[in-house]
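Chains A and B are the protein sequences, given in the same order.
Sequential numbering of the first sequence, starting at 3, is according to this note's numbering.
Sequential numbering of the second sequence, starting at 681, is according to this note's numbering.
No wet-lab data here; the hints were simulated from the structure.
Any given hint might turn out to be false.
What the hints assert, rightly or not - So the derived list for chain B, only partly shown, Cβ under 8 Å to chain A, looks like this:
#, residue
1, Y691
2, T763
3, Y825
4, P828
5, K926
6, V1125
7, W1126
8, G1146
Claimed, not checked - For lysine-lysine, the following PhoX-like pairs were computed, each having C-alpha atoms within a straight-line distance of at most 20 Å:
#, chain 1, residue 1, chain 2, residue 2
9, B, K995, B, K1093
10, B, K930, A, K238
11, A, K103, A, K84
12, B, K1093, B, K1112
13, A, K7, A, K121
14, B, K1001, A, K260
15, A, K56, B, K1119
16, B, K822, B, K770
17, B, K751, B, K766
18, B, K938, A, K256
19, B, K704, B, K721
20, B, K926, A, K238
21, A, K238, B, K938
22, B, K762, A, K56
23, A, K84, A, K56
24, B, K744, B, K734
What the hints assert, rightly or not - To spell it out: a stretch of chain B is covered by chain A in this simulated footprint if at least three of its residues, at any positions, have a beta carbon under 8 Å from a beta carbon of chain A; those stretches are:
#, stretch
25, 930 to 940
26, 1074 to 1086
Each residue gets a CB set at the ideal place from its N, CA and C atoms; glycine is no exception.
As a plain string of letters, each chain reads:
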Amino acid sequence: MEILKTYKLFIGGAFPRTESGRYYKLENKQKQVIANMCLSSRKDFRNAVVAARKAVEGWSGRAAFNRGQILYRIAEILEGRKAQFVAELLLQGSTKSSAEKEVRLAIDRCVYYSGWCDKYQQLFGSVNPVATSHFNFSVPEPTGVVCVIADENTSLLGLISAILPIIVGGNTCVVLASESKPLCSITFAEVLATSDLAAGVVNILTGTSKELHTHFASHMDVNAIIYCRENAAEIKAIAELSSMNVKRSFVWNKDWFKAENENPYLIMDVQEIKTTWHPIENIGVSGAKY
Amino acid sequence: MSKIKKTFASYDAAPENTSHIDLKAQYDLFINGKFVKPQSKQYYDTINPATEKKIASIAKGNEKDIDVAVKSANKAFESWSKTEPKERAKYIYRIARMIQERAREFAVIETMNGGKPIRESRDIDIPLAANHFFYYAGWADKLDYAFPNRKPKPVGVVGQIIPWNFPLLMAAWKLAPALATGNTVVLKPAESTPLTALKLAEIIQESGLPDGVVQIVTGFGDAGAALVNHPLVNKIAFTGSTEVGKYIQKAVAGSNKKVTLELGGKAANIIFDDAPIDQALEGIVNGIFFNQGHVCCAGSRLFVQENIADKVIQKLKDRMKTLIIGDPMDKNTDIGAINSKEQLLKINNYIKIGLAEGAEMYQTNCALPSQGYFCKPTLFLHTAQSHRIVQEEIFGPVLTIQTFRTIEEVIEKANNIPYGLSAGVWTDKGSKIFNLTTKLRAGVVWANTYNKFDPTSPFGGYQESGFGREGGVHGLLPYVHF
Chain A
3 MEILKTYKLF IGGAFPRTES GRYYKLENKQ KQVIANMCLS SRKDFRNAVV AARKAVEGWS
63 GRAAFNRGQI LYRIAEILEG RKAQFVAELL LQGSTKSSAE KEVRLAIDRC VYYSGWCDKY
123 QQLFGSVNPV ATSHFNFSVP EPTGVVCVIA DENTSLLGLI SAILPIIVGG NTCVVLASES
183 KPLCSITFAE VLATSDLAAG VVNILTGTSK ELHTHFASHM DVNAIIYCRE NAAEIKAIAE
243 LSSMNVKRSF VWNKDWFKAE NENPYLIMDV QEIKTTWHPI ENIGVSGAKY
Chain B
681 MSKIKKTFAS YDAAPENTSH IDLKAQYDLF INGKFVKPQS KQYYDTINPA TEKKIASIAK
741 GNEKDIDVAV KSANKAFESW SKTEPKERAK YIYRIARMIQ ERAREFAVIE TMNGGKPIRE
801 SRDIDIPLAA NHFFYYAGWA DKLDYAFPNR KPKPVGVVGQ IIPWNFPLLM AAWKLAPALA
861 TGNTVVLKPA ESTPLTALKL AEIIQESGLP DGVVQIVTGF GDAGAALVNH PLVNKIAFTG
921 STEVGKYIQK AVAGSNKKVT LELGGKAANI IFDDAPIDQA LEGIVNGIFF NQGHVCCAGS
981 RLFVQENIAD KVIQKLKDRM KTLIIGDPMD KNTDIGAINS KEQLLKINNY IKIGLAEGAE
1041 MYQTNCALPS QGYFCKPTLF LHTAQSHRIV QEEIFGPVLT IQTFRTIEEV IEKANNIPYG
1101 LSAGVWTDKG SKIFNLTTKL RAGVVWANTY NKFDPTSPFG GYQESGFGRE GGVHGLLPYV
1161 HF
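Build the full structure now, drawing on both the sequences and the hints.
See below:
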């Protein structure tokens, strides 16, 4: 007798069931039930935002090099559990070759973004040659808590491809997994839970965008929202509600199998540029400065 | 001491010469390279807020005028976006030079129309505006170096809406990067301060910039809304209130229009006990009284470490007694006229609110001119985080003062507002500066200085102070796509 896995949510480093007690059935092509997934509520989402907010200071305060090591660690643990992800993708209807390709790409993407952790600042920051006697520099800083409604068409790759550029830059996130292919998201949460990633940096919910997208967009303690699907009505509603607290709102409806869709410009979407000024004391008649 | 007081009291009037400026009685809309009458045939008066006297009649552009302007910009985009970047640069350099040549005239008009002290328009607004064009002109043919591994393309027709506090400077902040990146523009100046933008239109016409690349349409909120909602506009750049910014963000939802917003602020200006007090004092004064406090990044919330609070507040009161409030055209004036009657009412209302909330008010005994819109520089002591005068943007010469004991406390208080545009920190300890500047949620942090601006320095907010940057290489991004 095979032991079936109970898929729960991932909030603040723990795996709770939805507080609502609701579920939805996930079936395979043969209409057999694979799992009873948690149907997350607004309250689950709000709890996840609290966890994410709490994690911002610690995660953004870590050394960039350390964040890079943790992302690399995620790749290592993913590699070790490759077979499990392939099996889950097969269960959700992927072919063997596409499942293997998706997992390979997901691991490679972790390695790719791991390397960006301590590099994008140098590419996108600047020292500014102001005309007055001041030292002036600009650096990217995390925008804070970011919500994601992840790709519907992939179970693992789209989810990972949205999460990574967010957390590279010190943000924390709350992610709604694919509704029709949710299995890998929770298994990925198990990877995160064993990768030295602090609790609350990534929080994963399962459920429907139809129910949750307006709550994601209207939450006043969320700094940015990223929508990775193509429903025009939801895109518009999210953009409208985002104006309530001038939330940064992006649509990343991308083919995540393409290499061009891993790049530092996605990191920069959820960064703010901070400019700092300080006077320089002038010495000597020549205007020499120290 | 009494001798010094006497010296201050006996300042002679030193009015700037206004004989050399060239103003018309009536200004039309600048569309497709020509000055045209508004379709409504209506004009409104623009006044001098220091005298309440009319300066000129200004065309009241409406939805129809915006439509013509956007279509002109759309038509001009085809050739302007394909113009050799090196040639594009030359036009922008020429505009910069022409502003420099006519700088004093622009300064006088800016002060007449907006009420700011001539010293500020002469030394800050106008030179910075010219420098902005000069800086971005140089980017036009170097854009491929600005974005690693990307080929930037212009976004198309840009709608730009600017505020009344820095009329020409905001026009420059908006136009210069948009033109350098190959976009065409419809710019709507603020209704109360259209004159320098219209003078800039004359320069643009004289510069030979191709017709339709820039249109300047004066008018009211309906014209701004028409610009935001026009289907041929590809990007909106707005500087103004958070309230209107939210309206714009909502209005463009689902439209694929790019948006950048530079909105309100309520900056913390933090003074530690190890700060150079006399310099910090000048920073406090400059932070809140610069441009009558009509500054989105004004240091309007002062936080003083508790053990030096009495000393700093006493020195601040003494310093305020030396501020000269009055004729903006006088070169000795520190604080000029409030920009409009409407704004003066708003500020006075906040002063009432502050008193009703139980804060202690301090104003100097300075005499205000009998005509024009003026407001005494004002302090509120014993204020709390929950006070409306602490939470909301007043946009006037009103400073709230709170004290603090620890760094943790002041960071918490400084960040505990929806805004995040700017902040100030005063301390002699370098490591403390970097600790604070890292933790303050604001787009610009001035350490041991305040209210400094430069074309190379990115400016813009966190949170409800908006998104996108203006200035520097970062200021190009809002005007391109990849």
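Quick rundown of the hints versus the structure:
| no. | hint | verdict |
| --- | --- | --- |
| 1 | Y691 | 27 Å, violated |
| 2 | T763 | 27 Å, violated |
| 3 | Y825 | 12 Å, violated |
| 4 | P828 | 6 Å, holds |
| 5 | K926 | 4 Å, holds |
| 6 | V1125 | 5 Å, holds |
| 7 | W1126 | 5 Å, holds |
| 8 | G1146 | 6 Å, holds |
| 9 | B:K995 x B:K1093 | 24 Å, violated |
| 10 | B:K930 x A:K238 | 9 Å, holds |
| 11 | A:K103 x A:K84 | 11 Å, holds |
| 12 | B:K1093 x B:K1112 | 17 Å, holds |
| 13 | A:K7 x A:K121 | 39 Å, violated |
| 14 | B:K1001 x A:K260 | 66 Å, violated |
| 15 | A:K56 x B:K1119 | 15 Å, holds |
| 16 | B:K822 x B:K770 | 13 Å, holds |
| 17 | B:K751 x B:K766 | 26 Å, violated |
| 18 | B:K938 x A:K256 | 18 Å, holds |
| 19 | B:K704 x B:K721 | 17 Å, holds |
| 20 | B:K926 x A:K238 | 15 Å, holds |
| 21 | A:K238 x B:K938 | 14 Å, holds |
| 22 | B:K762 x A:K56 | 50 Å, violated |
| 23 | A:K84 x A:K56 | 31 Å, violated |
| 24 | B:K744 x B:K734 | 27 Å, violated |
| 25 | 930 to 940 | holds (count 4) |
| 26 | 1074 to 1086 | violated (count 0) |
In terms of the numbered hints stated before, the structure departs from hints 1, 2, 3, 9, 13, 14, 17, 22, 23, 24 and 26, listed from lowest to highest.
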